[in-house]
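Undergrad: Listed here are the chains, written in short residue letters.
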Amino acid sequence: MDVDRLAPLEAALEEEGLFSTRDDDGDALRIAFKSEGDRYFIVSYRDDPNFVMIGSGWSLPNGADPERVMRVTNALNARKKFVKVALWESENDVLFTVELCVATPEEVRPHFGRLLDVLRDSALEFFRELQA
Amino acid sequence: MTVVREELARFIQSEGHRVEFGLFGEDESTAELLFRTRGYVVSIAVHEGEPPRFAIATAYEIPPWARERAQNKTTLRDVAVDVGGVGFTLAPNGKNFVVAIEREEPLEAFLRGFWPNVARVREAGIAALERILDRGESRAAANKFIKSLQQGE
Chain Z
0 MDVDRLAPLE AALEEEGLFS TRDDDGDALR IAFKSEGDRY FIVSYRDDPN
50 FVMIGSGWSL PNGADPERVM RVTNALNARK KFVKVALWES ENDVLFTVEL
100 CVATPEEVRP HFGRLLDVLR DSALEFFREL QA
Chain B
0 MTVVREELAR FIQSEGHRVE FGLFGEDEST AELLFRTRGY VVSIAVHEGE
50 PPRFAIATAY EIPPWARERA QNKTTLRDVA VDVGGVGFTL APNGKNFVVA
100 IEREEPLEAF LRGFWPNVAR VREAGIAALE RILDRGESRA AANKFIKSLQ
150 QGE
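Protein sequences appear in the order of chains Z and B. Sequence positions in the first sequence follow numbering that gives the first Met the number 0 and run 0 to 131. Sequence positions in the second sequence follow numbering that gives the first Met the number 0 and run 0 to 152.
The set of hints was computed from the structure by calculation and includes no laboratory data. The structure presented is a predicted model; accordingly, all values stated were derived computationally and were not measured. Even glycine gets a Cβ: it sits at the ideal position worked out from N, Cα and C. Among the hints, erroneous ones may be present.
[Claimed, not checked] Sample of chain B residues at the chain Z side, in silico, Cβ under 7 Å:
#1 E14
#2 H16
#3 F20
#4 R35
#5 G38
#6 Y39
#7 A69
#8 R111
Extracted from the complex, chain B is given alone in its bound form:
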């Protein structure tokens, strides 16, 4: 029997990309496909069903100097509202975040929107990271200013 994950893997390969199967859940109806594009690793979670469910996701690392968890959680929430249709998850340790789009639709429909959705995930991730870094730089500049005031320069 041809399962959705195999058809999806064949599609991604036919578009030029190597595909790896990632972690499987205990339930074999769920699989993860991994491939690279434009320097990022993209994960596609596939849950076989009628219709199947998909999640396109990419992880971004936050530089150590910008890892302020509470602030970044708020930033990701703001970006999610601005961008729309994507979800952000900040890792408990605050070192990275994942941006994802979830779809529940027949495979053919999912494939029609595949690359635009991969692009949306990438652009949302880049936008979020830029905003986190902007705030981090502002905070660093403010701290430097406050410190210099305290030192009476």
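Extracted from the complex, chain Z is given alone in its bound form:
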């Protein structure tokens, strides 16, 4: 039987009082949700069931200095726990992800709030430092 590996994280979102939607296909299981107006996603791949990614994507401001963007990105990658920051889509977007190796996504559930906070804080710090 095909187990819904993301069900525990859907339950975590439900507990947190957040709406979510599913968009599964043959390759991946995906959850999309918003919190305080910002969009997030959760992905698990069918051929790599121990991998779970929680993330959010943001557009870079027009005219952002690429060198400065790289410096801020690198500084965050070096400093923040859990989070990977990457430039994406011809370097017009920035992607914040937490990528985990778990026996079951149930392991993530008690820490879900913390991981979401880390993603939020990373995006906040990224754009604050970009504007500084």
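For chain Z, the structure is supplied; the task is to place chain B on it using the hints.
TA: Below, chain B alone, put in the same frame as chain Z:
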């Protein structure tokens, strides 16, 4: 007729959060909306009017060992002065306190400042709780010290 509470509920839902309607006063012009964010339940009291009045509030529980009502009342008053723009109410039984921001403005203006104000309430509550716990721990350490002196250790 679309009332302010319904528009506000739609806004919070469009931002990703489930909303419940809480207790209504006897006067139907007042309503309470409840939603969760970052692990806290946030209450929005809405009084329909021109302009409408709003109160954003969150409750915090004080651990049993730190429930010294007189001291905590003073601490909350001090934090309110330090933070500014927020009000604290300590429950009569001293078990919890509520931190709130009140606004009287058109809905559009309220929505523009909605998340920053929710964040201010949360941060003020956390700051107050940390200060209460710090004092509680200091008091516990002092009591332990005094007790050990009395025992002649």
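Undergrad: All hints, please: hold or fail.
TA: Checked hints:
Interface hint status for B/E14: upheld, as the beta-carbon distance to the closest one in chain Z is roughly 4 Å, under 7 Å. For B/H16, the interface hint holds, the least distance from its beta-carbon to any beta-carbon of chain Z being 6 Å, beneath 7 Å. Violation of the interface hint for B/F20 is found here, the shortest Cβ-Cβ separation to chain Z being roughly 14 Å, above the 7 Å cut-off. Look at B/R35: its Cβ gets to within about 3 Å of chain Z, closer than 7 Å, so that hint holds up.
At its closest, the beta carbon of B/G38 sits 5 Å from a beta carbon of chain Z; the interface hint therefore holds under the 7 Å criterion. Interface restraint check for B/Y39: the shortest CB-CB distance to chain Z comes to about 10 Å, outside 7 Å, so the restraint is violated. The interface hint given for B/A69 is violated, since its Cβ lies 34 Å from the closest Cβ of chain Z, which is over the 7 Å cut-off. Interface restraint check: B/R111 against chain Z, minimum CB-CB distance 12 Å, threshold 7 Å, status violated.
Comparing the model with each earlier hint shows violations of hints 3, 6, 7, 8; every other hint is respected.
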